[in-house]
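K.L.:
Here is how the chains run, residue by residue.
Number of protein chains: 2
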Amino acid sequence: MVPNLTTALTGPLLDLERRFLDASPQIERWLRAQWNEHTPPFYSSTDLRNAGFKLAPVDTNLFPGGFNNLNPAFHPLCVQAAMSAIEKFCPEACGLLLIPENHTRNLFYLQNVAQLAGILRQTGLNVRIGSLLPEIVAPTPVELPDGSLLTLEPLRRNGNRLGLDGFNPCTILLNNDLSAGVPEILRGLDEQFVLPPLHAGWATRRKSNHFAAYEQVAGEFAQTLGIDPWRINPYFSVCRSINFHERQGEECLAANVDAVLGMVREKYREYGIDETPFVIVKADAGTYGMGVMTVKDASEVIGLNRRQRNKMSVVKEGLEVSEVIIQEGVHTVERVGDGVAEPVVYMIDRYVVGGFYRVNAARGVDENLNAPGMHFEPLAFETSCLCPDARQNPDAAPNRFYAYGVVARLAALAAAIEIERTEPAVAEA
Amino acid sequence: MVPNLTTALTGPLLDLERRFLDASPQIERWLRAQWNEHTPPFYSSTDLRNAGFKLAPVDTNLFPGGFNNLNPAFHPLCVQAAMSAIEKFCPEACGLLLIPENHTRNLFYLQNVAQLAGILRQTGLNVRIGSLLPEIVAPTPVELPDGSLLTLEPLRRNGNRLGLDGFNPCTILLNNDLSAGVPEILRGLDEQFVLPPLHAGWATRRKSNHFAAYEQVAGEFAQTLGIDPWRINPYFSVCRSINFHERQGEECLAANVDAVLGMVREKYREYGIDETPFVIVKADAGTYGMGVMTVKDASEVIGLNRRQRNKMSVVKEGLEVSEVIIQEGVHTVERVGDGVAEPVVYMIDRYVVGGFYRVNAARGVDENLNAPGMHFEPLAFETSCLCPDARQNPDAAPNRFYAYGVVARLAALAAAIEIERTEPAVAEA
Numbered sequence: 214m215v216p217n218l219t220t221a222l223t224g225p226l227l228d229l230e231r232r233f234l235d236a237s238p239q240i241e242r243w244l245r246a247q248w249n250e251h252t253p254p255f256y257s258s259t260d261l262r263n264a265g266f267k268l269a270p271v272d273t274n275l276f277p278g279g280f281n282n283l284n285p286a287f288h289p290l291c292v293q294a295a296m297s298a299i300e301k302f303c304p305e306a307c308g309l310l311l312i313p314e315n316h317t318r319n320l321f322y323l324q325n326v327a328q329l330a331g332i333l334r335q336t337g338l339n340v341r342i343g344s345l346l347p348e349i350v351a352p353t354p355v356e357l358p359d360g361s362l363l364t365l366e367p368l369r370r371n372g373n374r375l376g377l378d379g380f381n382p383c384t385i386l387l388n389n390d391l392s393a394g395v396p397e398i399l400r401g402l403d404e405q406f407v408l409p410p411l412h413a414g415w416a417t418r419r420k421s422n423h424f425a426a427y428e429q430v431a432g433e434f435a436q437t438l439g440i441d442p443w444r445i446n447p448y449f450s451v452c453r454s455i456n457f458h459e460r461q462g463e464e465c466l467a468a469n470v471d472a473v474l475g476m477v478r479e480k481y482r483e484y485g486i487d488e489t490p491f492v493i494v495k496a497d498a499g500t501y502g503m504g505v506m507t508v509k510d511a512s513e514v515i516g517l518n519r520r521q522r523n524k525m526s527v528v529k530e531g532l533e534v535s536e537v538i539i540q541e542g543v544h545t546v547e548r549v550g551d552g553v554a555e556p557v558v559y560m561i562d563r564y565v566v567g568g569f570y571r572v573n574a575a576r577g578v579d580e581n582l583n584a585p586g587m588h589f590e591p592l593a594f595e596t597s598c599l600c601p602d603a604r605q606n607p608d609a610a611p612n613r614f615y616a617y618g619v620v621a622r623l624a625a626l627a628a629a630i631e632i633e634r635t636e637p638a639v640a641e642a
Numbered sequence: 214m215v216p217n218l219t220t221a222l223t224g225p226l227l228d229l230e231r232r233f234l235d236a237s238p239q240i241e242r243w244l245r246a247q248w249n250e251h252t253p254p255f256y257s258s259t260d261l262r263n264a265g266f267k268l269a270p271v272d273t274n275l276f277p278g279g280f281n282n283l284n285p286a287f288h289p290l291c292v293q294a295a296m297s298a299i300e301k302f303c304p305e306a307c308g309l310l311l312i313p314e315n316h317t318r319n320l321f322y323l324q325n326v327a328q329l330a331g332i333l334r335q336t337g338l339n340v341r342i343g344s345l346l347p348e349i350v351a352p353t354p355v356e357l358p359d360g361s362l363l364t365l366e367p368l369r370r371n372g373n374r375l376g377l378d379g380f381n382p383c384t385i386l387l388n389n390d391l392s393a394g395v396p397e398i399l400r401g402l403d404e405q406f407v408l409p410p411l412h413a414g415w416a417t418r419r420k421s422n423h424f425a426a427y428e429q430v431a432g433e434f435a436q437t438l439g440i441d442p443w444r445i446n447p448y449f450s451v452c453r454s455i456n457f458h459e460r461q462g463e464e465c466l467a468a469n470v471d472a473v474l475g476m477v478r479e480k481y482r483e484y485g486i487d488e489t490p491f492v493i494v495k496a497d498a499g500t501y502g503m504g505v506m507t508v509k510d511a512s513e514v515i516g517l518n519r520r521q522r523n524k525m526s527v528v529k530e531g532l533e534v535s536e537v538i539i540q541e542g543v544h545t546v547e548r549v550g551d552g553v554a555e556p557v558v559y560m561i562d563r564y565v566v567g568g569f570y571r572v573n574a575a576r577g578v579d580e581n582l583n584a585p586g587m588h589f590e591p592l593a594f595e596t597s598c599l600c601p602d603a604r605q606n607p608d609a610a611p612n613r614f615y616a617y618g619v620v621a622r623l624a625a626l627a628a629a630i631e632i633e634r635t636e637p638a639v640a641e642a
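Chains as they are written, first to last, in the numbering used here: chain A, 214 to 642; chain B, 214 to 642.
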């Protein structure tokens with residue numbers, strides 16, 4: 214069940230893990246109090262990077278698309294967490310409309326949809342799948358690799374409500390990150406729960422809002438624990454009004470790369486870390502690992518060649534990139550087999566429900582792994598993140614996963630705060 | 214992982230299971246609404262009997278003592294459910310005092326305590342174990358079979374609070390069923406949460422109150438589903454003022470045995486069931502499978518011999534039996550290996566967190582299995598009860614377990630209502 218992970222993770226992180234374990238009553242109590250004040254996202258997944266001396270989230274997805282990658286042993290955990298989430302959002306819920314990404318041939322993704330629908334059905338919901346694709350004009354079964362059928366149905370708008378033929382759901386769950394903008398058909402659904410809310414989609418969401426909220430969460434958490442927040446928080450900065458095609462904003466980019474690298478260098482010196490600092494430059498909105506660049510010196514972002522500029526200028530759905538985040542790069546010291554690996558932790562409501570490793574043998578320890586050549590190791594977690602066992606040596610797998618579960622929950626808390634703060638009514642006020 | 218279960222369970226139960234599966238959205242919604250009105254017990258376990266034509270609870274334990282029998286795969290589920298329970302009872306909870314039964318040499322039971330403490334610690338609570346035993350005057354480590362140590366500590370009463378030396382918990386969790394009565398040291402703890410409440414202990418609890426509440430729950434549930442409530446509800450009756458030693462109350466007993474048998478016979482005729490009806494006569498208060506008798510004819514309870522009268526007259530802690538419940542017997546058609554088996558379903562809060570089979574090769578299909586010769590099959594559940602899979606054939610294990618999970622939750626709901634109704638302030642009003 215356990216993949217071949219390099220466990221030669223020495224240095225401060227063992228201290229950090231030990232501190233998490235020793236403080237677990239305090240940590241759990243702190244988190245409980247936070248969840249009393251902030252409603253967790255319905256679901257989320259967080260990409261973590263474990264540098265040995267640092268353990269930090271580098272991306273938080275509010276429309277997780279890899280439920281099919283979870284170890285089947287986590288299935289009951291997903292159902293239980295989903296029951297708890299549904300109770301809160303809509304105790305009377307009986308019909309749930311799931312709106313997936315606009316893929317009809319990406320069977321890998323559709324298996325995720327099937328898995329998610331299965332989890333939700335098992336909480337007792339009637340779940341049907343409505344597609345935003347204009348070519349879906351009638352119920353369309355798609356055969357999945359396991360032989361089962363997933364039926365995509367055309368959406369039907371009826372006044373202020375959205376449904377399907379013969380299906381009037383009380384809840385709409387988006388597994389579509391709205392990179393292409395908010396479709397008209399989803400607007401003004403004020404009689405139904407839309408989860409996550411529309412403003413959590415990439416049409417409006419910004420990574421920098423998330424990491425600003427995370428910075429605050431990490432700061433408060435670190436203070437409670439008496440650790441340096443940098444141990445769990447990547448520095449970041451933002452440049453707006455970038456136009457890669459027209460070489461606009463290069464100076465802003467170079468200055469911010471330099472500033473972030475400078476702060477990281479200072480920390481490496483403080484802790485005697487003998488690694489080369491780097492930053493990740495990526496689109497502030499958008500996903501799918503597009504428009505991502507590893508930079509070790511500010512000079513690298515000046516005079517990008519055409520290929521580099523093309524690569525950076527668009528993300529999913531052809532969205533033009535005009536705002537970028539410059540995020541402290543976190544090396545990963547984890548390997549699965551021959552590949553560099555990073556854990557992806559899945560959450561439903563405030564519960565860790567599983568995870569897997571993203572592995573990429575074609576990439577280095579300081580690169581984005583969400584790129585061609587990646588694969589997933591669904592069996593990577595031996596036990597759930599929820600199960601620290603203080604009696605075991607911290608080298609034992611469950612303990613390292615406990616630390617992952619804590620940091621992932623901090624990221625989910627940051628997402629909760631981010632969603633509160635960016636709510637349109639609030640933002641307009 | 215799956216033991217050799219006889220799956221030749223034909224007849225109406227397949228219909229019943231199918232109906233449960235088809236109606237699972239309705240069932241889950243109904244249960245959600247119920248849990249909005251009634252607070253589930255902190256934990257519970259329910260003994261079920263599956264007769265093929267009937268699936269019913271025959272006992273609900275509010276101080277479950279077999280957490281060590283659960284499949285380790287259920288562990289994360291227990292932690293997640295416990296997190297949810299603790300949040301509700303005491304979001305600020307940090308210290309929990311666990312009070313076990315007064316055993317120091319029953320290592321099997323103490324493994325349960327260790328397991329339970331482990332689950333609770335993993336929710337982030339400081340958990341320590343306080344013993345009611347007068348001989349525990351200092352922290353006393355007990356070595357468990359796995360080599361770990363369980364430390365029992367002497368209780369310290371300080372005004373209206375109970376704790377240990379250097380430990381002032383906000384919550385007290387009883388894993389002691391108070392068969393010997395409510396000890397003085399537990400009374401008047403009005404500043405701390407005591408879970409389950411003292412009146413749920415066998416000093417005051419009555420099986421007949423539980424099954425009266427269950428009858429109501431089963432009735433409402435059956436109406437929602439359009440089934441005969443008898444399919445899930447065992448008939449019962451009560452005799453008070455019994456004295457087995459002095460042959461007092463034999464007539465009451467015989468009359469009630471006859472009445473219950475008559476009702477069961479009527480149902481067997483209605484459904485064309487070719488089995489011999491029987492009732493179980495057992496103490497209305499108390500546990501541990503003591504004071505239990507299988508009766509097929511009223512004449513059997515008249516003129517009991519000395520051995521029978523001795524057996525029936527006392528239960529755990531030497532409690533004298535003066536009230537008995539006459540409960541419709543439910544055959545079990547399940548076998549594990551060579552033994553007659555019945556499932557025991559474990560719940561924390563409103564979540565099914567696991568289960569096992571109680572197996573007894575020395576007993577018949579119409580007898581109490583909680584008797585010498587019994588053993589447990591911790592691996593008996595292939596998957597969690599929470600995971601029905603409507604696409605599978607109902608013969609597949611998960612589906613049968615879904616039905617078990619539903620009935621177990623009905624029993625937990627009945628326990629919630631029972632605890633509300635028997636609350637002293639309410640009872641006195």
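None of these hints come from the bench; they were simulated from the model.
Worth double-checking, as some hints may not be accurate.
Unchecked claim - Now the stretches of chain A that chain B is said to cover, found in silico as 3 or more residues with beta-carbon under 8 Å:
1. 286 to 295
2. 334 to 340
3. 350 to 358
Where is the CB? At the ideal position from N, CA and C, for every residue including glycine.
K.L.:
Work down the list of hints and note, for each, if the structure agrees.
P.N.:
We went through each hint and held it up to the structure:
Proximity of the region 286 to 295 of chain A to chain B, defined as three or more residues with a beta carbon under 8 Å from a beta carbon of that chain, is established by the 8 residues found. With 6 residues bearing a CB less than 8 Å from a CB of chain B, the region 334 to 340 of chain A meets the requirement of three and the coverage assertion stands. Under the rule that three or more residues need a Cβ within less than 8 Å of chain B, the assignment of the region 350 to 358 of chain A is violated, with 0 such residues.
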